[in-house]
Every structure is written in C-alpha cells, then in structure tokens.
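Bring the two chains, given one by one in their own frames, into a single complex with the hints.
Quick note, the sequences are listed as chains G and X, same order. Its first residue numbered 1, the first sequence is counted upward by one per residue in this note's numbering. Its first residue numbered 1001, the second sequence is counted upward by one per residue in this note's numbering.
Note that these hints are calculated values from the structure, not bench results. Ideal placement from N, C-alpha and C gives every residue a C-beta, glycine not left out. Please note that a few of the clues may not be correct.
Unchecked claim - Partial pick of chain X residues on the chain G-facing surface, computed with a CB cut under 7 Å:
1) Thr1109
2) Ala1112
3) Ser1115
4) Gly1161
5) Leu1162
6) Asn1163
7) Asn1164
Claimed, not checked - In silico BS3-like links for lysine-lysine, alpha-carbon gap of 25 Å or less:
8) Lys1116/X to Lys142/G
9) Lys38/G to Lys67/G
10) Lys198/G to Lys1099/X
11) Lys1099/X to Lys123/G
12) Lys1099/X to Lys1037/X
13) Lys202/G to Lys1125/X
14) Lys1197/X to Lys1125/X
15) Lys1190/X to Lys1125/X
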Amino acid sequence: MSLLETVAQVTAETNSSFSAEIPNLQIGVDSTSLGNFKTCPRLYYYRHILGYGRRSGAGVEENPHIKFGHIYHAASERYDQERANGTSHEGALNAALFFALDETWDHERNEPWQSTEPTKTRKTLLRTLVWYYEHFRDDPLKTLVLRDGTPAVELSFRFALAELGDEDFVAPSGEPYILCGHLDRVVTWNDELWIVDKKTTKAQLNDAYFSHYNPDNQMSLYTLAGQVVLHSDVEGVIIDAVQVMVNGSRFQRKPIARTAGQLEEWLTDLKFFLRMMEAYARVGYWPQNDKACGNYGGCEFIPICSADPLVRDDLLEAFYTKRVWDPLQPR
Amino acid sequence: MPGLYSTETESAKILLLGDSGQGKTGAKAALVAAGYKLRMIDTDRGFKILRSLLTDPHYPYAAYMKKHGIDPGEPGRISYIPIDVPMEITQVTTRRENKNVTYDILAPTSAAAWSKVLGHLREWKDDGVSYGSITDWGNDVVLDFDTLSTLAELAKYWNQGLNNRLGALEDDHGRDTGAGQELVKRLAIKITSPLVKCNVIATTHITRIDLERGAPLSPEQVLRQSPTKIIEPRGFPTIIGRALSPILPKYWNDSFIVHRRGSSATAERRIYTRPIDNTDAKNSVWLEESYPLSTGLAEILYALQYKTLPEDFLSSLRGKDNGGDSGSSATGAGGPNPNRPSGFGSGGFAR
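For reference, chain X alone in the conformation it holds in the complex (with noise of 0.2 Å):
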C-alpha cells in the first residue's frame, strides 16, 4: 500500500470543459511541449489546430521543442485517431401504430465507431504501429478524449446500430439515449481506473442544466414551465440527454474549465481550477485559480504529478492570454512575450 507521500504511481485524470470556441484543443500543445506523449482520439476532428500551434514558427511551441530535444514527429510522440462519421442520406424504417414507417432520413451510415474507439483503447494502432493497450501506458502519456461529448453521441450510434435503427430520430422511452449514457458511464469507470496508469483528459462542452426542480431539465424547459421564474441553471459536461451530465464530474478528481473572458481582440482566454460561470471545477492538489491557456494543462499535469517545469517553460511560451494576474504567481514566471505573433492570445488560439 503506497504511503502518505508516496507519488511514485501518480497520473492525472482530468475532465476538461468549455464551451465551443474557448482553446481547448489547442491548451494541449502545452502538453507535447512539456514532454508528454499524447494519444488523442479526435471526435471533433479539432487536432488541425494542435499541428499548427505544434509546428507552425509563428507560435513559440516548435523552438521551444527544438531547444529541448523534444521531435513532435517523432513515432509515438503524437499519435491522432480521427473518428468520423459520415452522414448520408438513408432509409429508415421505424415502427408507429404497429406498422413499419420507412422514410429517408440525411443519418450516420455506419456505428461503428464507438467499437473503434474501444478497440484502440485496447490496443492503439497507428499506421500500422501498435502502441500497446492503454493500461500498458505509463504517467509519461496523455490520453485524450476529445470531445467526450461527441464520442457519447457515437456511443448512441452504437446501439441505434444494434436496434436495427441507426439514424432514427424517434428515440421511443429515452432507450437510445440512455443505452449511450450508460456505455459513456462504463467508459468513465475505465479510465479512471487506478488500473489506466496513464494520464487521462476528458474534455467536454459544457450544457447549462436546472436542477432545481428535482430532475435535471434544460433551462428552455423551465422557462416553458414558469415563463416569469428566474433561473440559474449549472454547466456540466456535455454528454446526450442531460441524465449523465451532472453525475459524470463524480468519476474525476480533477475538473477545469476553459474559458475566455471578453469577446473583443483583447479577449483572454484562461484555465480555471475553481467555479466559474455557475460551473463547478475541482482539484485534487493546491492549484492555482486560473492559468494561461498557452501553458496551463503542463503546469497543472505536472502539480498533479509533483513535478516541476523546465525553468524557461513559462517564460518561452506563456503568450499574452498569460494575462499578467493570479496564474503568474505559482512560479513566478510569465509576462506577455515580445515575440508573440499577432492572434496567438485570443483567435489563433480557438478551438
């Protein structure tokens, strides 16, 4: 049994939201940067964004790498599995009044990609090149899910596929939905695992939810129920339907939001370890309040895991999203850099 201070075996399990738009893909060049290998599954197809910020000389990651020996070509260094798919227009056929309906419908020709994603999970092939199974992986990697959000949709996929019904709209009692939940709670249970010894980010949306009412409904629903009542919904993960979204954040120690504050060319986007926007955020060891969305994931995977940034981390890549208040003090590093391209604080930094 590992002792008090024992960290030895310490990996990070994270779940990451924020809203479309506010970095969330791009937060994990820091991570590569950092020295991490990262094995993405890339739902939302965002990973364009990360080989631009990775490789691309007008973003400070590639020199910072290149002083550091760090090849983010190198095999296994970076490894994307873009899931896709593709919609097309299908027949289906559904059951109404005991009679089979059959109607075209613009659905997904194919469920298989949530086995897919399994099957990678099992053993990681890219090219060719299999990397073992993700409970072969030590702390020095990073899986990624991204977007949860949009995997529980391909979960739906699945069993819609197995009912005979991919791309039905009806969903008759929730059953699609809730089948979808319930395979995306069963991921959430495995990867959390103290038997994934990898480092684990879930990044999700975020969707606002009142629970206030006993039962978590969309604040449109509760408008429609009390049109002059005021409303402070939550956000929570984004995950289909609303039934697993405020239960999911239980599986995980460590939850941050990506947010941007401001919407003009001066905007700033940050990572927050604490509430925000209603939504909540939680940590597992002292943390800043927010950190810079250039460097933020690294700082904050290596306080997880006790360990401390190169010291001209900070200084090389915090941009100016770095903003200059709370995330700087944790090491005392930071400050805009002259050398910034135009764009890299706020627009080129969006996904």
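The following block holds chain G by itself, in its conformation from the complex (with noise of 0.2 Å):
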C-alpha cells in the first residue's frame, strides 16, 4: 500500500465527512473546506485531506489575525450561552473573559501570549470584549430559544444537497453530498430570524469591507443552511463585525443579502467544484493554484510549496501538526 493510499485509508477510518467508497473524497462539505478547495486544490489537500496545520513554536509564528478570531469567537460564544441561560450580563462577561484569559496565557512558559501584531494582542482582545458587551449590553438582537430550551449558538447543522431537488448532488458512488457546519448565533429581531457572523478586522468598517461579502462563499452557504435547517423564515445574515486598532475597538452590523437568483448560481457552482472534487480525488493529485499563495497574508504552506517535491513530506512532518477536520461532528 503506498503511502497515499494509507492516507486515504486512515482518512476514511477517522472522518466521518469523508467518503467510505472513494477515497479521499469529501463528502460532507463545510464552508472552509469548501472555502479552502476553492482558494486552493493543493491547500485544501494538505489541510482538510492529510490534516496538516501550522504548529506553534519550532520557529514558526501562529498566524494572530486567525488565533485573535477563534478566542474571539468561543469568548463571544460562552457569554451568549451564559446571557441565554439567565445569567446577568457582569456574570456572563466574566466568564467570557476568563475563558479569554486563560487562552492567551502560554501555560508551557507561564507568560501571556506574545502577539506579533499590535491590533491583535491579548490586551484588544480582552477591551474588545468589555467594550462590545458593553455596547451592546441590551442587545435588540435575541439569541433564538430552540425548542428544547438550548439557546441557538454554535448551532451545528447537516442537511443532504439532494433533499434541495437536485439529484446531481450525490457522489459517484452513491453517498449523498451534505452541506454542513455551525452558525455562530441565530438570532431574532422586529419578529424575524437572523443569522449573526462575527468578523474581526483591523479594517475600516466601511461599504468597502462589507462589500467583499458577496459573493462570498460562507454567507451564501449560511443563507441557504439557515433557509433550509430553519425553513425559509430566515431573513439571512447579518455580519456582527468588530474593528480592532490599537487604542480601540468599533463595532458595525450590517445584513447581508442574497436573492433567490444568487442562491440558485452558487448552487450551480456547487455542482461544478463537486465535480471537480471528484476528478481531484479520482486521480490523486490535488493542483497548485499559485496565484492565491498570497492571499489573506499569505497561505501557511507557502514553506512547503515553495520547496522541492522531494523533501515536502519532511517538511510537513518537521513543522505542522495533523489533526482531523471534520465538519459533521457538532460542536
């Protein structure tokens, strides 16, 4: 067996989002896989299929801007959960900054975490927090309360592609496509269902930065998950964004919209990257696209692409670290 074959293997045996039949074939497909597939085949290879990431420390630096968002995110997520189970705001706030705390404290050298860009440190992060709970102490937006009384945050959803009418959307052998993932918080607002997306940036919050909202590929797939996995009321996203500079911190939302005709073309899309997915996958070669190598700051394999075939695999053992991505299990 060699060794991509093991891969394929191993890959199949421990995530569920991936074929059983044919190997190193995605099946249930999320936004950053899918994101990522499309940005780049052999990025997508190297993250989602072997299951590499950047390891911190060894000489290679986290990536701030990516590790600021997730603390970001799962802080803003523990004190919605803790505001939606009746716990007061001050209470909620502190539990959202302790978990903040205790994530930018490097336990291995018992001091904070030394970012390398000055917008995104554990001093914005914390004051961010502060100053957006604050802001928004009486928050008009209302988490959604599911039916069986758990507030809708980090609400995981799966739904088949087919169920949508569309039998193109099954896998040569027969599996069919899911769309799957997490929406950050459902909320409702003047008697409407909306979902929130929270974004941090050190950008101007301005038409300009919500313009690169559409397209784009995660507020299509969460609109059509939120029509779906919550039947057509939902109105559809709106992008709860955060400017984060070094003597403060502003806060815009703004919905995001998408017509029926937008859907239908993304859709369409869909069915052409699955293919090409499929085709990927059939031949075992996964495609550089080196015009997107610079993208967003520059992708993190950029080491391993930049060197020779012959000592990637090296490469990627020396200094990533491997992980499963698997987007069908819920948060």
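See below:
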C-alpha cells in the first residue's frame, strides 16, 4: 500500500465527512473546506485531507489574526450561552473574559500570549470583549431559544443537498453530498429570524469592507443553510463586525443579502466544484493555484509549496501538526 | 419572449416627484376612480386627503365611481398601511473619546417600521385579510409608497436599531445613512423587477443637489465654499443623504413631477412628463407634456398600459386644475368643470 493510499484509508476511517467508498472524496462539506478548495486544491489537500496545520513554536509563528478571531468567537459564544441561560450581563462577561484570559496564557512558558500583530493582542482582545458587551448590553438581537430549551449559539447544521430537489448532488458512489457547518448565533430581531456571524478585522468598517461578503462562499452557504434548517423564515445573515485597532475597537452590524437567483447560481457553481473534487480524488492529484499564495497575508503552506517536491513530506512532518477536520462532528 | 407589439403584461413603475403640498397624494384619487386597486404604504400619514377626495360629494370622484359601479369601500379596493414611528424622550448611549456617553434625546421608539413594510410586501395583510405577496398581484393593482423619502428614514432607524444606537444624532462616517440608502436601493431593485407585475408608484419629495463638483453637494454647501458662485442645483428624489438621490431614478423608466405654477388662488397643479424646474422627468411611452392633477395619474397609467379610459372620465373629473392647455389635447376632453366645488383645483387638493 502506497503512502497516499494509507493516508486515504486512515482519513476514511477517522473522518466521517469523507466517502467510505471513494478515497479522499469529501462528502460532508462545510464552508471552510469548500472555501479552501475553491482557493487552492493543494491547500485543501494539505489542510483537509492530510489534516496539516501550522505548529506553534519551533520557529513557526502562529497567525495572530486567526488566533485572535478564534478566541474572540469562542469567548463570545460563552457570553451568549450564559446570557441565554439567564446569567446576568456581568456574570456572562466575566465568564467570557476568564475564558479569553486562559486562552491567551502560554501555560508552557507561564507567560501571556506574545502576538506579533499590534492590533491583535491579549489586551486588545479583552478590551474588545468588554467594549462590545458594554455597547450591546441591551442587545436588540435576542438569541433564539430552540424547542429543547437550548440557545441557538454555535448551532450545528447538516442537510443532504439532494433534499433541495437536485439529484446531481450525489457522489459517483451513490453517497449523498451533505452541506454542514456551525452558525455562530441565530437571533430574533423585529420578529424576524437572522443568522449572526461575527468577524474581526483591522480594516475600517465601511462599504468596501462589507462588500467583500458579496459574493462570498461562507455567506451564501449560511444563507442557504438558514433557509433549509431553519425553514424559509430566515431573513439572511447579519455580519457583526469589530474593527480592532491598537487604541480602540469599533462595532458595526450589517445585513448581507442574497437573492434567490444568487443562491441558485451558488448551488450551480457548487455542483461544478464537487465534480472537480471527484476528479482530483479519482486521480489522486490536487493542483496548486499559485495565484492564491499571497491571499490574506500569505498561505500557511507557502514553505511547503515553495520547496522541492522531494522534501515536502519531511517539512510537513517537521513544522506542521496533524488533526482531523471533520465538520460533521457537532461542537 | 414577448414580441414587439406584446403589451399583455405591461405594468407601470413610476417615480412621482413633488415638493410638499403639490398634490402628490391626492393625485392618486384618479387611479381609484379609473378602477385600479390601490395598496398604499402610508409613511407620510396623508391618506386622509385621499379619503376626502373619494368620499366627499363636494368632489367629483364619488359620483363618478357610483355611476361606474366602483365601490371604494369594497374590501381590497383600497388598502393602506399607516406606518408611524412615535418619537419619545429616550436615553441614547454613544461612544466619545473611547467612553460611553449617555444623554436624553427625542428619538424614535422603534426600529421595526422598515421590517413591517417588508413584511407587507411579502404578505399584505389588512385587518386580518391577506392579499398575498406583491409578486402575486396583477397590473390592475397599484402599489404606492407615499413617500419613499420618509420610508428611507425608517430604513436608517432600522440600521440604527440593529447597531443599538436608535435615534443617535451622530452618524460616524455616515454609516447609518449609507446603510439606509443601501436598503432603499435594494427595495427599488425589488419593486421595479419584472417579477413584480403590479403597477408601482414611488412617491418622493424633491431635494436640490449640485453635481457640478463631482460629488453631490447641497446648494448651501456649494455657497459656503464659493459664496459668489452662481449655482443651478438639479432636483432629485429626496432620500436620506444625497448619494442615492441622483442614482435612484435609473431604476425607473417613468418619472414625473407634480408641480404647482403660481401661488395665488388661481395656482394650477399639474403632472409634468418633461423636465421642469431643473428636475428631470422621463417616460417610456408617448405622453402629453403635462396633465391635470385631478385625472393625470390615471391618464398616464392607462397610456403606459396601452389602455383607453372611459369616455366620460375626463369630462367628469377634470377640474379647474386642468388649465385648458397642453394637458387636454391627448383625449380631446377636459375643460373646467362648472360643478367643481371651490378650492378643488388648488388648495383642496394639496398634499
């Protein structure tokens, strides 16, 4: 058995989002994996099929934007959960801050997180959380409480695309493609249902910033998912954006709309991308898109792709860590 | 694909501009008299004048409709949704120099009005009766926004509410205004879409804007910059801010102006289909240069739909505001109505 075949077998055995029949073919697709596939098939291969991610330390710096965003999201989730469960504003904010303090503490070195990005630091994270929840202390957006009493925070969803009435959304193996993911928060606002997605940026929160979300893979997918799993009552996605600066944080929310025609187009495109995934999986080759390497501050796999193919496996083992990206696992 | 002479699915999408008090709302009485079903989003609370015109025997519409079997009280004939946003003294919190500052201000009490309007477009409900979605209606219905100018303010409130600063006077980088404009632009795209087969009238006030310097500036702004400059600002639909106003007309194929000439008791109000007072108008079919206010909208709508009005429509309904000039030549009818009550032509028709 070759190395690639071994990887495919292990992936299928440990990752429920991959086909049990066709090696390396993802069946349960979320916005992150689909977005990475659209960006660069090789990036997708490294991150989602082989499961590699940057290892902190060992001379490799963590991406401070990604780390900041992850902790901000997770801390916000704690606040929203606590509030929906009846905890006071102060109690919920304390829970969120304790979480953020712990996550930004390097327990091995026993020192606070040293960020290389001046706008995304431990201090700016804590300040942003305090200011945000002070500003939205009486938030007009109320977290939806589901029938079982749980708040709709980090709401996991999954549905077979064939349910939309298109039988093309089935893999050659007969397995139905599944769209899955997690919605930050579902809220009611003026008796309407909205999906809220939090974003952090150092960019100004103007029209140019929000225009990046149309077209946008994640927003189209979430709008569609909202309409399917929350029925057609959902109005759309509200981007709940935070501009993080060195000396301050600003907040701006804006609805992101998709027309029925735009969603239909996105689904048509998805069909083509799934066919491409099938083709690459069939031949076991995931080409580089060398025009996307510089996106968003640079791809984390530039050191790999810029090296000779003969040494890439060794570099991956040395500087990257492995984990399973399985979007079908509920959080 | 419809052929060159296919007119079966024609509906009219009209932008109706006019300064306050020119008679924009009252002009719609003619539509009801002509047999159209009127569905009005009444953000300017002007329906009272329409009710008077259609029911008060001093005006000619009630008698005309009775003669032609049109019952304005019939369910579904006229449905208006009053949209009101009360103002109350409210505590507003804003951030100044990285500190939250709270102060009392007269501010809207709710941001829900915009959502309410959209809800009615999705399913129009009046007194518990559902009239379906605007996309279900045919071209015998006129959907009227009276006015889009005020509705734009509600869109701004919606965005302020979303961002937990309802009623704030500061508009950091014009974000609330910009968001309101974006919502109105999307609404314009929606209601002028071919999927909306009913007739649509978006009524607006007029804002004067100077475009000579590459950016939309108010006349006051221009004069502050160049006190000696002679300016000729153009009239555009009033929508919060100025950025959307010059762009909005492009969504409509037909744009008309309600305008009063003169200021005395003999003042004359007409609907103009050609540019007037530096305000642009445009039409998608051949139209007279202007029409009397009392019948003009029905005449225009019928022309846009390639239909012919009943013979006695003009002779029964045209009042003094006809004026007897260019407006009467299209149909050959018109002329002053000897039975017209005093005030019908000017003061009694204003809104």
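Outcome of the hint check:
{"no.": "1", "hint": "Thr1109", "verdict": "13 Å, violated"}
{"no.": "2", "hint": "Ala1112", "verdict": "4 Å, holds"}
{"no.": "3", "hint": "Ser1115", "verdict": "4 Å, holds"}
{"no.": "4", "hint": "Gly1161", "verdict": "6 Å, holds"}
{"no.": "5", "hint": "Leu1162", "verdict": "5 Å, holds"}
{"no.": "6", "hint": "Asn1163", "verdict": "5 Å, holds"}
{"no.": "7", "hint": "Asn1164", "verdict": "5 Å, holds"}
{"no.": "8", "hint": "Lys1116/X to Lys142/G", "verdict": "18 Å, holds"}
{"no.": "9", "hint": "Lys38/G to Lys67/G", "verdict": "23 Å, holds"}
{"no.": "10", "hint": "Lys198/G to Lys1099/X", "verdict": "23 Å, holds"}
{"no.": "11", "hint": "Lys1099/X to Lys123/G", "verdict": "17 Å, holds"}
{"no.": "12", "hint": "Lys1099/X to Lys1037/X", "verdict": "53 Å, violated"}
{"no.": "13", "hint": "Lys202/G to Lys1125/X", "verdict": "45 Å, violated"}
{"no.": "14", "hint": "Lys1197/X to Lys1125/X", "verdict": "19 Å, holds"}
{"no.": "15", "hint": "Lys1190/X to Lys1125/X", "verdict": "19 Å, holds"}
Of the numbered hints stated above, those contradicted by the structure are hints 1, 12 and 13, listed in ascending order.
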